[in-house]
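Undergrad: Listed in order, the protein sequences are those of chains A and B.
For the first sequence, the tail end lands on 114 under the working numbering, and the numbers increase by one without skipping.
For the second sequence, the tail end lands on 438 under the working numbering, and the numbers increase by one without skipping.
Just so you know, not all the hints are guaranteed correct.
Claimed, not checked - Computed list of lysine-lysine pairs in DSS-like fashion (alpha-carbon distance at most 25 Å, straight line):
#1 A:Lys-30 / B:Lys-41
#2 A:Lys-30 / B:Lys-280
#3 B:Lys-255 / A:Lys-43
#4 B:Lys-89 / B:Lys-203
#5 A:Lys-100 / A:Lys-40
#6 A:Lys-30 / A:Lys-73
#7 A:Lys-100 / B:Lys-126
What the hints contain is simulated information worked out from the structure, not anything from laboratory work.
As the structure is a prediction and not an experimental result, all values here were calculated from the model.
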Amino acid sequence: MSNFLKAEESPFDYIKIKPDDESHIDIKNRKTCLKACENKPCTYYCPTRVFAWDEESNQIKVSYTRCIECLACPYGCPHNNIEWHFPKGGYGVNYSDQEDLS
Amino acid sequence: MGNDRYNVVIVGAGPAGSTAALLLAQNNLSVALIERGKKPGSKNMFGGSIYRKPTAKIIPGFWKEAPLERTIITDELWLMDRTSAVKAGFTGLKFNEEPYNKFSAIRSKFDPWFANQAVKAGAKLMTETLAVDLVYEKIGLLKKKVDGVKLDNGEVIYADVVLLAEGASANLTQKAGLRGSIEASSLTLYVKEELALPAKKIESRFNLEPGEGSNIGMIGYPTASVVGKGGLWTNQDSISIIVGGYLNQINSKGVSPYQLLTRFKEHPLIKRLISDAKPIAYKSHIIPKGGYESIPTLYDDGILVAGDAAMMVSGRRGTDIAMLSGLYAAETIAQARAAQDYTAKVLKGYKKRIMDSFFMKSIKKSKNSKQYYKEHPDADFLLTKAANDAAYRFFTVGIEASETKMKKIKDEIFGMQPTKKTLTDLYYGIQDWGIF
Ligand SMILES: Cc1cc2nc3c(=O)[nH]c(=O)nc-3n(C[C@H](O)[C@H](O)[C@H](O)COP(=O)(O)OP(=O)(O)OC[C@H]3O[C@@H](n4cnc5c(N)ncnc54)[C@H](O)[C@@H]3O)c2cc1C
Ligand code: SF4
Ligand code: SF4
Numbered sequence: 013m014s015n016f017l018k019a020e021e022s023p024f025d026y027i028k029i030k031p032d033d034e035s036h037i038d039i040k041n042r043k044t045c046l047k048a049c050e051n052k053p054c055t056y057y058c059p060t061r062v063f064a065w066d067e068e069s070n071q072i073k074v075s076y077t078r079c080i081e082c083l084a085c086p087y088g089c090p091h092n093n094i095e096w097h098f099p100k101g102g103y104g105v106n107y108s109d110q111e112d113l114s
Numbered sequence: 003m004g005n006d007r008y009n010v011v012i013v014g015a016g017p018a019g020s021t022a023a024l025l026l027a028q029n030n031l032s033v034a035l036i037e038r039g040k041k042p043g044s045k046n047m048f049g050g051s052i053y054r055k056p057t058a059k060i061i062p063g064f065w066k067e068a069p070l071e072r073t074i075i076t077d078e079l080w081l082m083d084r085t086s087a088v089k090a091g092f093t094g095l096k097f098n099e100e101p102y103n104k105f106s107a108i109r110s111k112f113d114p115w116f117a118n119q120a121v122k123a124g125a126k127l128m129t130e131t132l133a134v135d136l137v138y139e140k141i142g143l144l145k146k147k148v149d150g151v152k153l154d155n156g157e158v159i160y161a162d163v164v165l166l167a168e169g170a171s172a173n174l175t176q177k178a179g180l181r182g183s184i185e186a187s188s189l190t191l192y193v194k195e196e197l198a199l200p201a202k203k204i205e206s207r208f209n210l211e212p213g214e215g216s217n218i219g220m221i222g223y224p225t226a227s228v229v230g231k232g233g234l235w236t237n238q239d240s241i242s243i244i245v246g247g248y249l250n251q252i253n254s255k256g257v258s259p260y261q262l263l264t265r266f267k268e269h270p271l272i273k274r275l276i277s278d279a280k281p282i283a284y285k286s287h288i289i290p291k292g293g294y295e296s297i298p299t300l301y302d303d304g305i306l307v308a309g310d311a312a313m314m315v316s317g318r319r320g321t322d323i324a325m326l327s328g329l330y331a332a333e334t335i336a337q338a339r340a341a342q343d344y345t346a347k348v349l350k351g352y353k354k355r356i357m358d359s360f361f362m363k364s365i366k367k368s369k370n371s372k373q374y375y376k377e378h379p380d381a382d383f384l385l386t387k388a389a390n391d392a393a394y395r396f397f398t399v400g401i402e403a404s405e406t407k408m409k410k411i412k413d414e415i416f417g418m419q420p421t422k423k424t425l426t427d428l429y430y431g432i433q434d435w436g437i438f
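Using the sequences and the accompanying hints, generate a full structural model.
TA: Here it is as structure tokens:
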């Protein structure tokens with residue numbers, strides 16, 4: 013299926029996230045992505061497209077600030093290659109105060 | 003805030019945690035309720051319906067105060083194909099009278115209200131606080147007992163007993179060695195959009211009076227051959243729409259959940275229900291569907307597990323089972339306090355209560371349905387296709403005698419696959435959708 017980023021309207025217009033300074037998502041072994049993972053399912057199962065294959069550097073790019081903590085990570089990666097933990101208390105997605113969205 | 007001690011520390015202010023916190027605080031135990039979100043509900047989403055009966059067991063008459071959306075009077079199941087839907091449903095106007103049946107709700111509004119009931123009863127709620135580990139004390143030579151939790155700021159909160167109500171992630175449950183790792187085939191992943199629409203429009207589109215609500219579940223078209231479901235709920239002045247399915251199938255079929263949602267919204271029968279409605283929220287969450295064999299060890303010395311963390315989900319129900327497991331946990335903890343013994347010896351009473359519950363019986367039963375879908379991932383698709391083809395034939399005005407028409411339809415349906423499988427498809431299709 014086609015690319016989330018190419019969609020005309022983006023759900024990010026109505027998602028509120030308070031990103032931490034450090035990433036809460038890491039790829040354990042970049043070689044596994046390159047060598048062992050044909051379909052790269054992380055690039056489509058993620059509902060906010062946190063993972064994208066970067067052609068230039070030949071690796072997965074992780075935009076952790078887009079994560080809405082659906083908890084599909086780390087289970088979605090067939091190679092158990094995603095290190096995922098909760099953002100610090102108070103950080104990350106916030107579905108409350110939806111009306112504060114500018 | 004120093005390194006405090008409480009009778010009970012509860013990790014997670016969802017329905018399971020807040021229930022236990024409320025009941026234990028009412029019982030005069032000191033309770034700390036820990037939540038990583040800015041508020042309870044900040045991280046939580048569901049379809050969804052709040053069921054009256056189990057919830058009223060915890061807070062009688064809760065509907066008078068709780069932030070609920072609409073009283074559900076209409077429940078429908080649609081078997082959807084590209085240009086049609088075979089619909090089964092029920093509208094009961096009695097459901098709009100006290101004590102009601104169920105309500106549509108939004109968790110970011112409901113959860114903070116619910117947690118606040120525990121606070122009013124005396125529980126200490128700590129938000130923006132992540133529990134990262136358990137701490138132990140030695141009991142005897144070889145054994146250790148959970149003695150509290152460690153927070154992400156390094157502080158430790160001590161407790162006689164820790165209740166893990168941490169939801170589907172179950173990080174600490176796993177750390178405590180109570181649950182093994184889970185597979186993508188035991189999880190479903192859903193995405194949701196809330197779309198703003200004036201109440202009057204909702205009421206005329208769904209044939210409702212003010213305050214009344216409708217809930218539609220859909221199989222077939224919405225999930226594009228992934229085993230899963232679509233769903234629609236009417237809120238006070240918005241519509242919730244969800245779609246999703248098994249994570250391993252999302253992966254193997256190369257389906258993106260956001261694309262599924264976009265495609266679902268474009269379906270001509272959905273499009274007309276949500277036209278002019280403006281998206282105001284996009285959310286996503288997994289549901290642990292491991293079923294009976296994945297239920298973790300529910301207790302150990304100084305620790306209990308409740309709700310989604312314990313994989314206690316059945317069909318469309320989850321919040322109510324979470325609340326009831328929170329209730330059983332609270333009862334067991336109260337007993338442990340009376341006995342001044344928080345070891346597994348007393349806490350095992352929790353497991354007995356859970357195993358005897360009605361919901362455990364239905365979780366056990368759904369084992370067959372899970373196995374069935376493993377063997378026949380195309381069941382819903384075939385079922386909806388056959389039903390819609392037959393319905394098109396049936397309702398088409400023709401010139402043949404109706405007996406001839408009926409016979410043709412029958413032959414077609416029964417010719418499509420062995421009879422037994424068609425009927426079984428229907429049976430599991432409805433059973434997996436859960437109660438109506
Ligand atoms: C798409 C979808 C639709 C659903 N529809 C329905 C429905 O219509 N009706 C229904 O009854 N159920 C429904 N459910 C199921 C229901 O949402 C869950 O079963 C229910 O939320 C479980 O409650 P819980 O208290 O166990 O966990 P949760 O509600 O997940 O609460 C856990 C809480 O713990 C917090 N937390 C987790 N870890 C930590 C930590 N380490 N430190 C601090 N805080 C932590 C989380 O932020 C969260 O607030 C649905 C679920 C989904 C995903
Ligand atoms: S699915 Fe896992 S192994 Fe494959 S590309 Fe993504 S992170 Fe790498
Ligand atoms: S947890 Fe969900 S939203 Fe976050 S990166 Fe993983 S799939 Fe994406």
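Undergrad: Next step is simple, just say for each hint if it's right about the structure.
TA: For each hint, the structure was consulted:
Among the hinted pairs, Lys-30 of chain A with Lys-41 of chain B is consistent with the structure: their alpha-carbon atoms are about 13 Å apart, no more than 25 Å. Between Lys-30 of chain A and Lys-280 of chain B the alpha-carbon distance is near 24 Å, which keeps this suggested pair within the 25 Å criterion. Of the supplied pair hints, the one linking Lys-255 of chain B and Lys-43 of chain A holds, its CA atoms being roughly 24 Å apart against a limit of 25 Å. Between Lys-89 of chain B and Lys-203 of chain B, the direct Cα distance comes to roughly 22 Å. Compliance with the 25 Å bound is thereby established for this hinted pair.
A distance of roughly 20 Å separates the Cα atoms of Lys-100 of chain A and Lys-40 of chain A; the hinted pair therefore holds under the 25 Å criterion. Our distance criterion of 25 Å between C-alpha atoms is met by Lys-30 of chain A and Lys-73 of chain A, whose separation comes to about 20 Å. Between Lys-100 of chain A and Lys-126 of chain B the CA atoms are separated by roughly 20 Å; this keeps the pair inside 25 Å, and the hint holds.
The structure meets every hint from the earlier list without exception.
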